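**Student:** Take a look at the letters that make up each chain.
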Amino acid sequence: MFDSLIQNLFNGLQWGSFYSLIALGYTLVYGVLTLINFAHGDIFMVGAYIAFFVASFFLGHATGLPGWFVLTLTIPLTMILTAGVGVTLERIAYRPLRRKGADRLYVVITALMCGLILENGNLALLGASRKSFPELVDKTVYTFGMVSMTNLKIAVIISAILVFVLLQFIVTKTKIGMAMRAISYDKFAVPLMGIPIDTVIVFTFILGSSMAGLAGLLYSLSYPILDPYMGALIGWKAFIAAVVGGIGDIRGAFLGGFLLGFVEILVVAFFPSTFRDLIAFSILLLILVYKPTGLFGVAKTTKI
Amino acid sequence: MKKLSVPLLLFILFLTLTGLSHFGVLDRYVQSVIMFIGINIILSASLNIVNGYMGEFACGHAAFMAIGAYVSSVLNVFLFARDKVFGAPLLSPELALYFFPLVLLAGAAAAALAGMLVAIPSFKTRGDYLAIITIAANFIVTSTIININAIGGARGFMGMKKITFAMEDVIELPWMLIWVILGTIFSIWLIRRYVSSTYGKGIIAINQDEVAAEIMSVNTNRMKLMAFMISSGLAGLAGGLFAHILGYINPNSFGILKSTECLVMVYLGGMGSLSGSVISAIVFTLLLEGLRFVIPWIDSGLHWLHLIPDAYQVSQVWKWVLIPLILVLLMQFRPEGIMGNKELSDIFPKIKKWYRFR
Numbered sequence: 000m001f002d003s004l005i006q007n008l009f010n011g012l013q014w015g016s017f018y019s020l021i022a023l024g025y026t027l028v029y030g031v032l033t034l035i036n037f038a039h040g041d042i043f044m045v046g047a048y049i050a051f052f053v054a055s056f057f058l059g060h061a062t063g064l065p066g067w068f069v070l071t072l073t074i075p076l077t078m079i080l081t082a083g084v085g086v087t088l089e090r091i092a093y094r095p096l097r098r099k100g101a102d103r104l105y106v107v108i109t110a111l112m113c114g115l116i117l118e119n120g121n122l123a124l125l126g127a128s129r130k131s132f133p134e135l136v137d138k139t140v141y142t143f144g145m146v147s148m149t150n151l152k153i154a155v156i157i158s159a160i161l162v163f164v165l166l167q168f169i170v171t172k173t174k175i176g177m178a179m180r181a182i183s184y185d186k187f188a189v190p191l192m193g194i195p196i197d198t199v200i201v202f203t204f205i206l207g208s209s210m211a212g213l214a215g216l217l218y219s220l221s222y223p224i225l226d227p228y229m230g231a232l233i234g235w236k237a238f239i240a241a242v243v244g245g246i247g248d249i250r251g252a253f254l255g256g257f258l259l260g261f262v263e264i265l266v267v268a269f270f271p272s273t274f275r276d277l278i279a280f281s282i283l284l285l286i287l288v289y290k291p292t293g294l295f296g297v298a299k300t301t302k303i
Numbered sequence: 000m001k002k003l004s005v006p007l008l009l010f011i012l013f014l015t016l017t018g019l020s021h022f023g024v025l026d027r028y029v030q031s032v033i034m035f036i037g038i039n040i041i042l043s044a045s046l047n048i049v050n051g052y053m054g055e056f057a058c059g060h061a062a063f064m065a066i067g068a069y070v071s072s073v074l075n076v077f078l079f080a081r082d083k084v085f086g087a088p089l090l091s092p093e094l095a096l097y098f099f100p101l102v103l104l105a106g107a108a109a110a111a112l113a114g115m116l117v118a119i120p121s122f123k124t125r126g127d128y129l130a131i132i133t134i135a136a137n138f139i140v141t142s143t144i145i146n147i148n149a150i151g152g153a154r155g156f157m158g159m160k161k162i163t164f165a166m167e168d169v170i171e172l173p174w175m176l177i178w179v180i181l182g183t184i185f186s187i188w189l190i191r192r193y194v195s196s197t198y199g200k201g202i203i204a205i206n207q208d209e210v211a212a213e214i215m216s217v218n219t220n221r222m223k224l225m226a227f228m229i230s231s232g233l234a235g236l237a238g239g240l241f242a243h244i245l246g247y248i249n250p251n252s253f254g255i256l257k258s259t260e261c262l263v264m265v266y267l268g269g270m271g272s273l274s275g276s277v278i279s280a281i282v283f284t285l286l287l288e289g290l291r292f293v294i295p296w297i298d299s300g301l302h303w304l305h306l307i308p309d310a311y312q313v314s315q316v317w318k319w320v321l322i323p324l325i326l327v328l329l330m331q332f333r334p335e336g337i338m339g340n341k342e343l344s345d346i347f348p349k350i351k352k353w354y355r356f357r
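First to last, the protein sequences are chains A and B. In case it helps, numbering that gives the first Met the number 0 puts the first sequence at residues 0 to 303. In case it helps, numbering that gives the first Met the number 0 puts the second sequence at residues 0 to 357.
The set of hints was computed from the structure by calculation and includes no laboratory data. None of these values were measured; they are calculated from a predicted model. Quick reminder that beta carbons are idealized off the backbone N, C-alpha and C, glycines included. Careful: at least some of the hints might be erroneous.
Residues on chain A that point at chain B, a partial pick, calculated with CB under 7 Å [said to hold, decoys possible]:
#1 101
#2 108
#3 116
#4 273
#5 283
#6 284
#7 288
Sequences are here, hints too, so could you generate the full structure?
**Tutor:** Next comes the structure, spelled out in structure tokens:
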């Protein structure tokens, strides 16, 4: 019983890592722009596909390369290319609207539409057949007592933690992080202080999208079947996780992702798997009803 | 004359559409497009109460549609049709025609009660946190339906065609078309009455400034409860009609994608504009159906110009790329939607002379 609980907690950590990585991207963009970037889940999907194409390119054109070498080439390339997709979206869809001073909700709708374009464009261009991701590293299973863990799962958890530490460092300790926090505090005074607001926003999108690309790569290594709609559901769930953690706060997104991962894995462990969404979302809803600003969110007081 | 012009116009429209359908001038496809336009009008106008007039961002409208659809279909099948699970009908199938509006209203009432699930958290929460609650409510509703085996679970629920056939056996008329048109007119009338009432003024005040509204003795909680319940109740009505048109429903067709469609229609039409909602629902549905015919033309045109390889065929999936693309472009050029927050009579003040519609 105890062993299976530990095993489930470990699986929850691994499953929550994906949610955390995606939720971090949501929360970064939200923290700076107060924009819910609903296309983020689909950027995750695009990241998985980019990883697939990059990895198969290297495997196909330079045969004989060892798997770990291909992987080390694939990781940075995927992150850069996915960041390119995110920045393109910001540049052609969100920035013109922001310049015009359109209502925030119209930007959210544009983001939703961009997500649909990415999903269905992928389906239309690549067809409905699912792609299976090549196996780059051999699986090694470590067993401690009754708890078994693979090297891949450990790598996923470690990279989620590393990404969190890196982002926390960037946002709280560096100058550009200070600029990001400043923009979220007051969007109108910041340009007057000589801070290039567009550069900071592009930097935010680069950070968020490259994390989504990394998540896509790790996800497709762990569950090597790709399909165009894989990003939609996981993206919505990660967003909910980010909000439960307290959106706009990096610690909140990180912990919210893990919380959702734990809850889902534990529900599946004790109930039929069709109850997963029902119970997980009910718990999150209860948390939000009792703590409306999320676990780490700060209640804003409204001035009259 | 001024008083009668709108009812007269609607009555003539109603008679023409049903007459043409009854005598077979409009084929089944055109009829179904008209019915979907009606349903989309109800959906977008009802979501506009919460998202437009009250200024919240509710993105789980399909959940209430699902509740209305399931409650009314299960009731109808339970009462008037022979079914594997529910057994023999309780009442004689001929009565289905007379009870149909009541059953639809029961579905709407159930959806309105479910609207409280979202309305009560909204007392404390606003903005993006409320958006999440609505999304979570959508997921909760669809996965609850998936887990109830008696109504088919993930396989879906069917048998509503028997009800439509039973109605047509009594009097040979296109009954679903009639109910959809009546339902649409009823919803628009109700929303119009509601928005111009004290309650409507109240939710507009909440949109402007909630604290100030509360100080001016607007009972904000009651206003919100009312707005959410009317909005979700009408969504339930639309869901009930939708279920009986298709004759088959499935929890996955009320997912977040359907909610996205409702959102798109509201923001395409303009927040807080009833005529905008109606226009955008018509435009959106016609666009959706029109592209079905345009895409084969695009395909043959591109092949004729040798722009794409012969093996590749432009499939209907492109429809769902083109529609979001059109909407994104529209947002760039007209970020406030088709009508903004104006009504048709604000743009063409002269037509005010011809009608009075309250």
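**Student:** Each hint: holds or not?
**Tutor:** These are the hints, each one checked on the structure:
1. Below 7 Å, beta-carbon pairs count as interface contacts, and residue 101/A has one with chain B at about 4 Å; its hint therefore holds.
2. For the restraint placing residue 108/A at the interface with chain B, the shortest Cβ-Cβ distance is roughly 5 Å, inside the 7 Å limit, so the hint holds.
3. For residue 116/A, the interface hint holds, the least distance from its beta-carbon to any beta-carbon of chain B being 5 Å, beneath 7 Å.
4. Annotation: residue 273/A was flagged as interfacial toward chain B, and the flag holds, the nearest CB pair being 6 Å apart, inside 7 Å.
5. Taking 7 Å as the C-beta contact cut-off toward chain B, the hint placing residue 283/A at the interface holds, the least distance being around 6 Å.
6. A hinted interface residue such as residue 284/A counts as satisfied when its beta carbon comes closer than 7 Å to some beta carbon of chain B; here the least separation is about 5 Å, so the hint holds.
7. The beta carbon of residue 288/A is positioned within 7 Å of a beta carbon in chain B (closest approach about 5 Å), and the interface hint is therefore held.
Going down the numbered hints, you'll see the structure goes against none, and every one checks out.
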